[in-house]
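Protein chains: 2
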Amino acid sequence: MKNSIESMDRLVNSFTKLPAVGQKTAERYAYAVINMNENDVKEFANNLLQAKQNIKFCKICGNWSEDDVCSICASRSSETICVVKEPKDVVVMERVRNYNGTYHVLHGVLNPLQGKGPDDIRIKELLERVNNGNVKEIIMATNSDVEGEATSMYIARLLKPLGIKVTRLAQGISMGSDIEYADEVTLSRALQDRREI
Amino acid sequence: MKNSIESMDRLVNSFTKLPAVGQKTAERYAYAVINMNENDVKEFANNLLQAKQNIKFCKICGNWSEDDVCSICASRSSETICVVKEPKDVVVMERVRNYNGTYHVLHGVLNPLQGKGPDDIRIKELLERVNNGNVKEIIMATNSDVEGEATSMYIARLLKPLGIKVTRLAQGISMGSDIEYADEVTLSRALQDRREI
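Residue numbers (my numbering), protein chains in the order written: chain A, 1387 to 1583; chain B, 1387 to 1583.
Since the hints were made in silico from the structure, they are not lab data.
Hints may contain errors.
It does not matter which identical chain is meant; a pair holds if it fits inside one copy or across any two.
[To be verified] Quick list of in silico lysine-lysine cross-link-like pairs, BS3-like style, CA-CA up to 30 Å:
| id | residue 1 | residue 2 |
| --- | --- | --- |
| 1 | Lys-1510 | Lys-1471 |
| 2 | Lys-1445 | Lys-1410 |
| 3 | Lys-1474 | Lys-1428 |
| 4 | Lys-1410 | Lys-1502 |
| 5 | Lys-1428 | Lys-1442 |
For reference, chain A alone in the conformation it holds in the complex (with noise of 0.2 Å):
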């Protein structure tokens, strides 16, 4: 547009790249950044910067981190090892507050579609750990769909070998729900993975 201003138009073309930011929904953001009073903005930028500069990836685990080992590693037993799909999976994971073993950040799924294999998340880095430490439990927690489980799989048939005890969040109705709106995979899971009460 010939009238458009310049500084506004890089601003919104800056969160259009967020996910699932559109034009409208970056030019709303923008308005709003220009409301904002200009310490917030400036302290918004700062954190961009900072995130961006201190966060990086765990060693061990390849969680973000502010250290070379995040917190988590440092300070719990490899024992158990719960398997995710990405950083904020973690951070899920830490509200329940009664898992106290450490975790691994795959960084994706396997989805041949897209062209994913092994060789591109994490896999190698568990399999060290497992060959390096004394780990009993391998719990995988990635997304409980398609690429979710066969990632699962996948690296469940490559520890097994290994004699590591490997597991799976359980699946079923989600508590609080209604049986009447459980899809069928699900419902069907639930019935084969009954318990006795």
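Got chain A sorted already, so can you dock chain B onto it with the hints?
Below, chain B alone, put in the same frame as chain A:
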């Protein structure tokens, strides 16, 4: 959370200040920022600062501008002024491409419930423009909601005694939409404003 990462939390917190962004979305954005390359993040931070620093309001119409007077006010005649609620509405109107007048941005609408009265939006400035210039027509292009309609009526009543023609954007069925899905108020307005073909 005990093991959360400080720079991450601060970035997430900054993102939650954007409109309609909650904790989950903010985390997703922050995650995307960490995965961006460093130059993109630097550019993002810079664009934030630049936009906030460079963009002020046009002293005539109140629209965003990098100069004291925006490019529209500087280049067009103010015989016709289109009154809108926010700067982004100017962008929308400009997309139409067959409007050649100037704008007046109110920066809000009358909303007694939120304590917004005539002195809180740029009505005084509009009256000044009308008194000082050779304005012939004011087109009210506030939103079609209760507040927008009320603001439009209020301004129309102030301007009519000055001999100014005040018009309102036509209301009716959206182009390409089914009559079946039009609400009663819109249909009633469309019927009332029907025109010969």
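To see whether the hints hold, each was checked on the structure:
1. Taking the closest pair of Cα atoms, Lys-1510 and Lys-1471 come within 30 Å of each other only inside a single copy of the chain (14 Å); across copies the shortest separation is 57 Å, beyond that limit.
2. In this homomeric assembly, Lys-1445 and Lys-1410 come within 30 Å of each other (Cα to Cα) only across copies, at 26 Å, whereas the closest approach inside a single copy is 39 Å.
3. In this homomeric assembly, Lys-1474 and Lys-1428 come within 30 Å of each other (Cα to Cα) both inside a single copy, at 26 Å, and across copies, at 23 Å.
4. For the identical chains of this complex, Lys-1410 and Lys-1502 are inter-copy neighbours only, at 26 Å across copies versus 32 Å inside a copy, given an alpha-carbon limit of 30 Å.
5. Taking CA atoms no more than 30 Å apart as the test, Lys-1428 paired with Lys-1442 passes in both settings, with 23 Å inside one copy and 17 Å between copies.
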